[in-house]
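Mind docking chains B, C and D on chain A? Use the hints.
Protein chains: 4
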Amino acid sequence: MTTIKDSVHDHISVEGVAAALVDTPPVQRLRRVAQLGTVTYVYPSANHTRFEHSLGVYHLADRALDHLRIEGKQAERVRAAAVLHDIGHAPYSHNVEELVYRYTGKYHDDVGDLLDTGPVARTLADHGLNPDAVADLVAGEGQLGQLVSGELDVDRMDYLVRDAHHTGVPYGTIDTGRLVRALSFVDGDLVLGEGNVQTAESLLLARALMNPTVYSHHVARIAKAMLRRATERLLAHDGVDAAELRRMDDYDLRVALRECPATAAYAHRLDRRDLYKRAVWAEMAAVPDEVVDADHEHRRELEREVADAANVDPDAVVLDVPDRPSMPESTSRVLVNGEVRELGAQSTLVSALRTAQRDQWRLGVYAPAESAGRVGDAAVRTLGLDTDDTRVRDVRPGIHATLDEFQ
Amino acid sequence: MTTIKDSVHDHISVEGVAAALVDTPPVQRLRRVAQLGTVTYVYPSANHTRFEHSLGVYHLADRALDHLRIEGKQAERVRAAAVLHDIGHAPYSHNVEELVYRYTGKYHDDVGDLLDTGPVARTLADHGLNPDAVADLVAGEGQLGQLVSGELDVDRMDYLVRDAHHTGVPYGTIDTGRLVRALSFVDGDLVLGEGNVQTAESLLLARALMNPTVYSHHVARIAKAMLRRATERLLAHDGVDAAELRRMDDYDLRVALRECPATAAYAHRLDRRDLYKRAVWAEMAAVPDEVVDADHEHRRELEREVADAANVDPDAVVLDVPDRPSMPESTSRVLVNGEVRELGAQSTLVSALRTAQRDQWRLGVYAPAESAGRVGDAAVRTLGLDTDDTRVRDVRPGIHATLDEFQ
Amino acid sequence: MTTIKDSVHDHISVEGVAAALVDTPPVQRLRRVAQLGTVTYVYPSANHTRFEHSLGVYHLADRALDHLRIEGKQAERVRAAAVLHDIGHAPYSHNVEELVYRYTGKYHDDVGDLLDTGPVARTLADHGLNPDAVADLVAGEGQLGQLVSGELDVDRMDYLVRDAHHTGVPYGTIDTGRLVRALSFVDGDLVLGEGNVQTAESLLLARALMNPTVYSHHVARIAKAMLRRATERLLAHDGVDAAELRRMDDYDLRVALRECPATAAYAHRLDRRDLYKRAVWAEMAAVPDEVVDADHEHRRELEREVADAANVDPDAVVLDVPDRPSMPESTSRVLVNGEVRELGAQSTLVSALRTAQRDQWRLGVYAPAESAGRVGDAAVRTLGLDTDDTRVRDVRPGIHATLDEFQ
Amino acid sequence: MTTIKDSVHDHISVEGVAAALVDTPPVQRLRRVAQLGTVTYVYPSANHTRFEHSLGVYHLADRALDHLRIEGKQAERVRAAAVLHDIGHAPYSHNVEELVYRYTGKYHDDVGDLLDTGPVARTLADHGLNPDAVADLVAGEGQLGQLVSGELDVDRMDYLVRDAHHTGVPYGTIDTGRLVRALSFVDGDLVLGEGNVQTAESLLLARALMNPTVYSHHVARIAKAMLRRATERLLAHDGVDAAELRRMDDYDLRVALRECPATAAYAHRLDRRDLYKRAVWAEMAAVPDEVVDADHEHRRELEREVADAANVDPDAVVLDVPDRPSMPESTSRVLVNGEVRELGAQSTLVSALRTAQRDQWRLGVYAPAESAGRVGDAAVRTLGLDTDDTRVRDVRPGIHATLDEFQ
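Chains as they are written, first to last, in our numbering: chain A, 1 to 407; chain B, 1 to 407; chain C, 1 to 407; chain D, 1 to 407.
Only chain A is shown next, with the shape it has when bound in the complex:
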């Protein structure tokens, strides 16, 4: 047994298949993939990695299995899935995930192909575990898959507290010890025991507060959009293919962007934190449906139209349209007065989160500081935005501001 010191969970004991998997190259690679990608431009302390997060998820999974009295091969399978759940992440985690998906058809939790070869496959085989069964758990399938990837999963428990610890934003502080102790299976479904409505609410509310403050902070979104744009160019110009990209680490990608002529300018800006500014920042009510729902090609076209209208280089306009909030009614299950109830039906706060997510949605158009004014005006016209609800141009400087100037 090996003990690893973690800044969040203190001591993490690793043994069995988990200890063996931690030593494999695909897991060690996660040491060089930032957990929060470009969020570090807003919160400079947020340099933690997918590696330590994976150890944390393993630790909480192990605690939960212990609590649920699940043992043997079934438990080892979950532990393996916990350690491996993020090996499908491309560099900078979610930042280029969509891009990789467009080219390879794979999201980060589609790891089947990564478990079938090399040291990971050998390690699973040595411990008598079926790689497909582990991949299914990573994808959230089956009863125990809910523990690894579901509404009450240990992944979310770890990242909320870890991101809070490293950004310094206190909203992610949930009671993981209580959450794990409250888990039980009722008729095959993962359920929180009696008296845990608030425990479940706290998990969902923590995410609702961390989202605009950390994960979707406009500075992180701008840098992410620039990184994504640059990476797209890299794939087009450099002979790097998307399958290779998926296996790079942050170091590889960053240096590749610096070295490729088509992307060097973006890399230079990212290195100096010389980021684009918001030319437009619009609430959903201000944005025509056809813009919200535009597909990738359509968005690229709209960017070019805005650039034309503003008479700037196409590289000087980045359109950033988040997906429509898709949060379904929360189906987390909680025991209340002896009955299993869905949290969305039981909790007024949680049911309000669907609307809140829509309230927090923002379309962004970004441009270099010197042309942000022109681009903003052009974008409002070209995209047909309702200017009553649109904020055009970020006029305030303070580029490091974590106290978000407007939203």
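It should be emphasised that the hints constitute simulated quantities derived from the structure, not laboratory data. Just so you know, even glycine gets a beta-carbon here, dropped at the ideal spot from N, CA and C. Please note that the accuracy of each hint is not assured.
Over the 10 Å line for every Cβ pair with chain A, so calculated as not near, a few chain B residues [to be verified]:
no., residue
1, H268
2, H296
3, V321
Going by beta-carbon spacing under 8 Å, a handful of chain C positions derived as facing chain D [to be verified]:
no., residue
4, V169
5, P170
6, Y171
7, Q198
8, A208
9, T213
Structure of chains B, C and D alone, referenced to chain A:
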């Protein structure tokens, strides 16, 4: 200048009128008044006092005044009010507040009479401050009164983080540094600056989560109801009058309850944590309006009726009916896109809190373990409870449980 | 199994004999005995109790037993000793311990008589445990007694981190998780495994830093000396005997001191934090051996002589002479290169602690502020102090100062 | 004014020259230089960077200036020095510092040439600051230089708490607030005020505990030695010169090591955490003086001799000989009884640190796991080690172990 080490805010520098007031007996008395009263029966670490809380409130007020660039006598008045804001608390803080109010007409923030005499009056006079003006601030009146007692006040900011620190429950962790930095006055009203919708939400959501988990935990409510009942008997039997009670500390009251024959049995139970159990725990929908709205006398009568019906001693039934949730639309003000908006109108989550408060309301009937079954049955009949929504009798033992068994 | 939320160790699971003992009156009484007595006059947040500390000691003992794979009755005995280890404390913990000892011959860890009767005895019997064997463990006897009371015991591990958490002084932050994991038995002795010289050093250094900063801070010592003096008077005048005193809680003692005419003045001062000041504060080199080694009667006599010489009331002089530092060579054992070595021989830092303790020793003479000057002069003459090394009279005000003015 | 959220100091306000300097490329580059280099191989959470550390040092310097009432240009100079103090670091901070020094004659605090050109020079000029004066402060020269680089400097205060926060090792938790408040200038020297012997001790003891546990943990030392060896090869083979190396970031260096054929094997091992093992780990008493004092060339020669004797490839032997501990008597000054005293003379604990440092010194010889046995035997003979005090070969596996197996 004196520096005091605090477990929450680290170093607190005290000077001027605040330093002088800290040394007065009414403030020193707060060293012996527990901040959370009977909550320590649930969370054994929660032994912090009104004294350290008052220092914390002073500290945050001082930071806010500094940020708002308020100086001179106006600022000293606020600092004085911050130090003094809790000197009107009776022993065990809110636990016997209603009782004191019934006898004296004074709630804890009605401190005018306490500022008019003795060392406090002399200290205020020495610093050229008008006691009535300070009392008004404590009562939340005027523009600066909002800072001391209002929806965004420094009182709440301190108690949430302090109660989280001492109970170990993480939900109260708000970002006080950001809250204080976001404050400004717009047209005479305290307002949070642009980009702080989440900052404001976090404050209200933290309270919404701390409330059922900590402040209204059923074990704390049971002990509080027993303490209140005993203190009521003490006033009736012992020659202690309510004005004296209001000036006692926890030590005086606890020893008085032990020594008075009419209350010694309650004191003995409290000393040994031999608490009554829930005979009934009912959601609002299950309780007839006339029970919810019964006044003090009517409630005592209902208790006696339940005791009769259950054929137990009247002392063996305690009826605990919280006030109807009265949270108005949140009128905290936040700047959004340059406009002052009310948080209740802007934030879906905050507007959901009104309903959530109603969801969390519970009527309790408590009785000694051995008669809880009979009392529960009698109470359901006598009070006319709808048994579909009523939980009768706490059948589980685990009396220290902080993992609330049912709710 | 019951789970208790603790502000230091998060969740503590209690079961078996420990769960039953927690509910007994002698353990519940510890809820009303402050862990650090008068230290709260310096660090206002330090209001934690012997009760939560006892739970913490139980928790660490339980972790250590688990790690050492000790099970069954032997383990239950240690768990019982951990829960009960502090029930022998008089009110205000160590503050009146010497006084109780002079009258009853019992220090706080001499608990044999308390385990022989009442609910504790019945609970031990119910679980088949011998009270004498448990009392031996509390006194540190036998192999497993080292775990409960010894140089590497879980008592110290808990109090250092708990006192740091509650005072806000960071020096007590040791790595309890690593300490517990490093324990093993070698030839019947508790030993820290390879690579843990620093782990052991950290424990001893933490105490060396906490001692002058917290435990022996001069303001805490002054208040303690006043409390001890008052309690001594109470025993002399009031019909309270020392056996009763030993079973009181802080509430009883404080109210008794207020009500007894011979002690009311002291109680009044303590209530208002109107403490004596240092008239003398002298390093060991300045103090004649016969003063350092004076017994109780001799010290009382010296006090009277100083009062005479200063022409003040005998109550206005308190002489506070700590015992000579008695720290033996540290005999904590650590594995180094496969050999069991004594820490005192292995660690230069630890061997320096003996001298450091002597450096930190101070004799105090305390008096009311207005007579501190006269008393100081008289004490220097009467006690024969070497004025080169003596500080006479604390001239600075700042009575709440935690930033110790001189030492 | 810009406010930055930091995980250690919470909110850091940046303005004036500091705000302008933070935006310059040499400071932004520090976002990509790990604070603790290879320590992350032992403590996976230790991914914090020189950038956030520099902000922290600025913050503490600003607090100290405020406390010392130093204002105007003199203060701006110190703030500039604080922000810039680490821009001279090569990739992986101290890991390749010696190597850069051998080639360029510059240690990391020799930054004169970096302040003379480009945006940093322009920014200093814009604020009327002389670059040479700022460089002198970074080098610790002059009265205020002691604040930036000296025994009581804010650099050390920040890194101890920051490294503790990110590794999870609690020993670095010092009281920065009290340290800053205790600073004063007496006759031109930085001195800690009365009553701060323990405050000063805590700073030095914290470093003494963090050193073997974190900074010189054997796994971090092994990885560092491998990185240093590889970088040395890179300079020899690749046309990268030392001046370029000094300006690279961690990303550049890591990718360069992967791409250069002479270093790819080392890079591959570092990427997979497939580290060499200890073949020898020897206390100072076991090592002949001529080995301890061997210069660079001699050490390389000894490595080759060991490889020959063991009949392995020269790349398979890494000799790691730390400098002799050079800690002078601590000259930190503290006020004691009104006199300025040197801490080394006043504090028994601090004077013991010199010896302790020697106790902690270890020579290491590292080799691939499969040849560590042979290399160990050969090294003992070739280097003339005294085998009584030498540990040959790390026989235990647990390669992630933070619970150091032996030392």
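Exercise for review: Quick one: work out the minimum CB distance from B/H296 to chain A and report holds if it exceeds 10 Å, violated otherwise.
Suggested key: holds (30 Å)
Check your understanding: Hint check: is the beta carbon of C/T213 less than 8 Å from a beta carbon of chain D?
Key -> With a minimum Cβ separation of about 5 Å from chain D (threshold 8 Å), the hint on C/T213 holds.
**Study point:** Evaluation of the interface hint that places C/P170 against chain D, nearest CB under 8 Å
**Key:** Check passed: Cβ of C/P170 comes within 4 Å of chain D, closer than 8 Å.
Review point. Does the CB of C/Q198 sit less than 8 Å away from some CB of chain D?
Key: holds (5 Å)
Practice item. With a cut-off of 8 Å on the beta carbons, see whether C/Y171 makes it to chain D. Key: holds (6 Å)
Exercise for review: Hey, is B/H268 genuinely clear of chain A, shortest beta carbon separation above 10 Å?
Suggested key: holds (29 Å)
Review point. Would the stated hint for C/V169 survive a check requiring a Cβ distance to chain D of less than 8 Å?
Key: holds (7 Å)
Review point. Measuring from the C-beta of C/A208 to each C-beta in chain D, is the shortest one below 8 Å?
Key: Where the cut-off is 8 Å and the nearest Cβ of chain D is about 7 Å from C/A208, the hint holds.
Practice item. Check the non-interface label on B/V321: least C-beta distance to chain A beyond 10 Å or not. Key: Check passes; 20 Å lies beyond 10 Å.
Figure legend: structure checked against the earlier numbered hints; every hint is met.
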